[in-house]
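Top to bottom, those sequences are chains A and B.
The numbers in the first sequence follow my numbering, run straight up by one, and end at 766.
The numbers in the second sequence follow my numbering, run straight up by one, and end at 159.
To be clear, the hints were calculated from the coordinates, so they are not data collected in a lab.
Bear in mind the structure is a predicted one, so any value in this text is a computation, not a measurement.
In this text, a Cβ means the ideal position worked out from N, Cα and C, and glycines have one as well.
Heads up, a few of these hints could be off.
[Stated by the list, open to error] According to the in silico footprint, chain B covers these stretches of chain A (three or more CB under 8 Å from chain B):
hint, segment
1, 33-46
2, 409-421
3, 433-441
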Amino acid sequence: MTATGTRARTRGGVGESAARPDGGLKVRGEFAFSSDLWMEGMLWGATLRSPHAHARVEAIRTEAALAVPGVFAVLTHEDVPGVNAYGLEHRDQPVLAHDRVRYQGEPVALVAADHPETARRAAALVEVDYAELPPVTDARAAVRGECEPLHAGGNTVRHVRIRRGDPTASAPVVVTGEYEVGMQDQAFLGPESGLAVPAADGGVDLYVATQWLHVDRSQVAYALGLDEELVRITLAGVGGAFGAREDLSMQVHACLLALRTGRAVKMVYSREESFFGHVHRHPAWMRYEHGADETGRLVYVRAEIVLDGGAYASSTPAVVANAATLGAGPYAVPNVAIDCHGAYTNNPPCGAMRGFGAVQAAFGYESQMDRLAEAVGVDPAEIRVLNGLTQGDHVATGQEVDSAAPVAELVRRVRDMPLPPPTGTDLRSLPGGVANTTHGEGVRRGVGYGVGIKNICFSEGFDDYSTARVTVQVVGDAPVASVHTAAVEVGQGVVTLQEQIARTELGIARVRVETADTRVGSAGSTSASRQSYVTGGAVQAACREVAAELVSRASIASGADPATLSLDADHVVDLSGRRVASVVDLLGGEEVVERTVEWRHRPTTTLDPETGQGSAHVQFAFAAHRAVVDVDVELGLVKVVALDCAQDVGRALNPGAVLGQVHGGSAQGLGLAVMEEIQVVDGLVRNPSFTDYLIPTVLDMPPMQVDVLELADPHAPYGLRGVGEPPTISSTPAIVAAIRAATGLPLARVPVRPEHLTGT
Amino acid sequence: MRVRCTVNGEERVADDVWAGESLLYVLRERLGLPGSKNACEQGECGSCTVYLDGVPVCACLVAAGQVEGRTVVTVEGLADGDLLHPVQQAFLDAGAVQCGFCTPGLVVAVHDLLQRHPRPSDPDVREALAGNLCRCTGYEKILEAVRLAALRAGGDR
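Excised from the complex, chain A in its bound form:
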């Protein structure tokens, strides 16, 4: 490469807190989210869902629904023209139920009508004869093979076995524990929605909020029985995702209705339907045993983890791999034996949510580290400093950590931050708040720590890549760079980052990021904290090819050595910054320089099926939290007083956006610690609303001190390290540890509820 030696100084580049290109529209209320789409003459789709967790479908009658004035179509499984199956890793989930429903909320029939209420009412008139079956609801029994098989291969989605060193090692200090994690919801605010428009060529154009356009397209085309080229997907505004949009929701349904009616069809889920319309975080049961020497240095970790995947596979296989391979935590452990199982049950399907398997394991291993600290009589921060991974150590899979792993440093940093003032008298700062439940009596304070580890990007040999098309042309006498990828913006700021990279690499101030769609190659999913790394890498590489072309032209024209030239402020400049040529002149008017690059990170390997050994991960990321809580021990109410975080991000490409990720990720961890759980009884969801499923409000979130380390990873573009997930992983155990410190209770389950604290 020629133009890479010097960094351009064009403003708004990498390393600055550049402004979001969509920010102005968003604060004005003019940004088009997927639920805002509108087209003249469009119809509204609605979905009829199973009320049962497990039942045979014996008959479906649509006549009454079809007779409702304003109804244009009523569809069932018989109307799926392709293969009636979809799924991220296994296509095991019907687009519309055929002879059996396996979870409450499984889609059974669709209606298109001229008003959303008409569509909903007509859907309610579809008559379905169900023969209820006993639901499989115990994931541990399911993986033991004790239940009726829900799928052809039995009820184990995946078992990952990790064996490192001596799996039967013994140690003088042993602590054991069983832990549980409840089912968390991503609870993005923008409901599942989109608009499908039938096209003259027999295909369909779909405008939708999702996380991975190309994987949506392949699944939609498969179910519609269309060539992929006939399914064109354009990203509509995404109101948050957090993993919940990685699986399909209304995509195929809206397309089916549009192709049947010949009209544009819009579907928007209500909040209640949203709780049934996407996968959730896997509930977990874990049994851990940690062995250490008398000083607290770890000798072994043994664990059994069962994750409830619910009715369909979704991304359970990858979640199982994460919980297993990261199950020993961010610690150096010579001997490891972990078995992690993912189960099929008749509970709601579970799949991707921020932290993806690492969250559940972290609650287990961090709870254990506190028990170990107590057993050997050292401080909880000290036990983590003592055992924390550093560069050159090996994780449970035998993989060497080949870039910074400052676990001890992160813990020391949060430990040394100023503590909040003592419990005050303002009701608003006390547990219970203005409900006026205490003026300080019965309130105990506690401090706790948590550290987490997360793999960044896709693992286990997956062909993980992104595609970027970068063009430079002259518009109105100035060069304009255009960046086109299919990377999905969910709020995290990948649109901003693409602009920043183009400005830095091309030295061109005016950058336009095209709407993400399937006219360009896949960007992979906006998940696994991977888009800065992979799409960032692709945009950087494509920009560098464009820059090389421009530098080459300037070199030919000027005779200068191309190695001495770079781009800045719309010009090619030499080492002294002197302008050698303008980009406008190099392009000579009409010409467009365009390069498309498919970029891959370095390859990973699969896991050995017997030992789970292998270099399965691209990069590891770490964050640490210190939580301070006040607990009203009489009423079981918790006020998180402080939640401070230190995280290594390799390099902060947009420092403001990095902080936003740390704040928001920590808040979701707080939610899991003390309030968020989808309550499932006999396979039925009891709280599908924001009235009954509580997420943190501004009153629940404390002020946060955040310390961002930038220890560059030499393998990653710009040295960056994925940011989005780590803070969600460590905040939960830190808060629970603080509650334990305040109450002396063992607290082996999250979310911690008042009755866990009062024993009532």
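Given chain A's structure and the hints, the job is docking chain B onto it.
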């Protein structure tokens, strides 16, 4: 039914309104004003906060017929042409916008708070915004935006 009201300073008429429709539906689907958001449609999240006769309300909880003859201001009515309202500008400058779905409701709620209480303390702000859910930001930068907007407004006096 027909509903007439003043929205963002203009007389507006919506026809064929079904009696079960909310103000939010009428704004979004009949009057071409989708800025107010539909995150929960049961008054829990604040994403659809608008002014009704000067008082902030959840538009999802107001029946369309209740708006007859009344005055509504939505997030789309706060900027002065190309010039953002200082609250909107503060949200941008503080980095308080991520996915942006909560933003319209929060902008209206903060606009109302600062009118009533130009220099609120942090606990005041938290109390005032407790009805507006945000899933992305952890609220830190939203608080920063409120402080910034209040500071700038104070500086003008």
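A quick look at each hint next to the structure:
{"no.": "1", "hint": "33-46", "in the structure": "holds (count 10)"}
{"no.": "2", "hint": "409-421", "in the structure": "violated (count 0)"}
{"no.": "3", "hint": "433-441", "in the structure": "holds (count 3)"}
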